[in-house]
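Single-letter residue listing:
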Amino acid sequence: MKENKDIRWDQLLDLLAEEVAERLRAESRPDAAVDWDRPAVEAAERSQEEEPTPRPAEPVSEPAPPPEMEVGPEAEAEPATPTESTELEGPPAPPFPSHTARLLGRLALGLLALVIVINIPINRHGTTLATAMPDRRALVFRDGLVVKEEDDPEIYVYEDGRFRWISSLRAFEMRGYVWEDVHVVEDGFLEEHTIGPPIHVILKCRESPHIYLLEGEEKRWIVDIEAFEARGYVWEDVEFVSCGYLRELPDGETIPPGQGPPPQP
Amino acid sequence: MGNLSIIETILRDRETFFLEIRQGKGLGRKMRAMLISSVAFFALYGAVMGSSHSLWQALSSAAKLPLLFLTTLVVCAPTLYFFNLNFGSNQSLSQNVALMLTTITVTSVLLLSFSPVVTFFLLTTSQYQFFKLLNVGVFTISGIVGVTFLSRGMMIVSYGGDESARARRRVVWMWIVLYAFVGSQMAWTLRPFVGAPGLPFELFRQLGGNFYANVLASIGEILGFVTVR
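Residue numbers (numbering that gives the first Met the number 0), protein chains in the order written: chain F, 0 to 264; chain Y, 0 to 228.
Read the hints as simulated data drawn from the structure, not as lab findings.
Backbone N, C-alpha and C define an ideal beta-carbon position, used for all residues, glycine too.
Wrong hints could be hidden among the right ones.
To be verified - Going by beta-carbon spacing under 8 Å, a handful of chain F positions derived as facing chain Y:
| # | residue |
| --- | --- |
| 1 | 103 |
| 2 | 104 |
| 3 | 110 |
| 4 | 113 |
To be verified - If you want the footprint, here are the derived chain Y segments under chain F, 3+ residues with CB under 8 Å:
| # | region |
| --- | --- |
| 5 | 3 to 17 |
| 6 | 37 to 47 |
| 7 | 50 to 60 |
| 8 | 106 to 114 |
| 9 | 117 to 127 |
Construct the complete structure from the given sequences, taking the supplied hints into account.
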């Protein structure tokens, strides 16, 4: 009995040594990438085609394996060698402890929970953990970037490589901006960049020939067409409003300055 | 969990897995499981990427990232199939698609495994260009490992066909280059995935420029040479 067992172990060790030697030979060849697959494919196909009995059947009364050889999951999983029935049921049971799927599932669930947590707003401005880091250095200069220095109420928009002052709330709204678009930057930030011409709204009512520039909350009368063109305005900039609305706006300095009290529309 | 168990088979018993594809065993079930797993993992990674901007960006990226990979697969699948046919392969289209799904499944698993690292940097750094390049690096590594699986799988699945091993390998690597180009252009078309700080959320950004120029510009900005405008 003991002799039989010894012979069997010798056979197994021989097979193992041959397989290792074959792998080493295959890897040492220059076209190893191709040839590596040859024994793998052939061996795997053989194992699927042939009877899945690499070892002689053990009698029922066979004693337990020797203590130096652990009966690990490999041995337990051996009956799961692919057969027709297992193929129909699902993938063959792997000859190793199956915990990767569970681990992946837990990792995915944990990540989902984390994504939810870091996207929960933590203050009334909607700041989340994911966006809580100061992002001064993260500014990306693209047309439409709206910025405001911390201690300055004036708002600028980045256009064509320059920052342009938006001179009134109406101009801000007319361009479709909302307060959430405004990126607060450090004081002095704009000094490092080119400043372009300001963005104004030019107002006129149909019943009056006069044209006004809206700046802040005041209307500034543009005295004549020369002053209008000298500032680079075009007729497409003019927005028509009601004369009543224009009359309600307080008067500012005329354009050009010092032209006396402005006429009311 | 059943769909996830196929990943364990791919990662730990790939020869058997590829052999079953070669024999056409359970292709439908395998493809369904890989599709479900990869879509879920890509969506999670996309949500992590988009979280750096806003919740809307997170949701958008979660939807767009699986779309990116699956569309690339659909676009590139006929090329691989017909080129293989041209070199005497007897594989079916389903077998080719199964191999490609294996590629994106492996890529998605690696992305998922990288996601804790990406989340860590998301929470501890604020530089947009760095975060963008970090993601480019993660995608590159995951993609390379994924296509390595494809190369290995193709060798096993097409072993014994009429075509020579050298020709098979050439077809696979040519296809991998094509896959990378199509994938990067698709990513550029579907951008933003991270979302630029200072700009409002946008589902798609206007076309213009290209992926490679943007990566170079980002590297330049990190090194202080240029400012990305």
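Problem - Indices of hints not satisfied (ascending) - result: none
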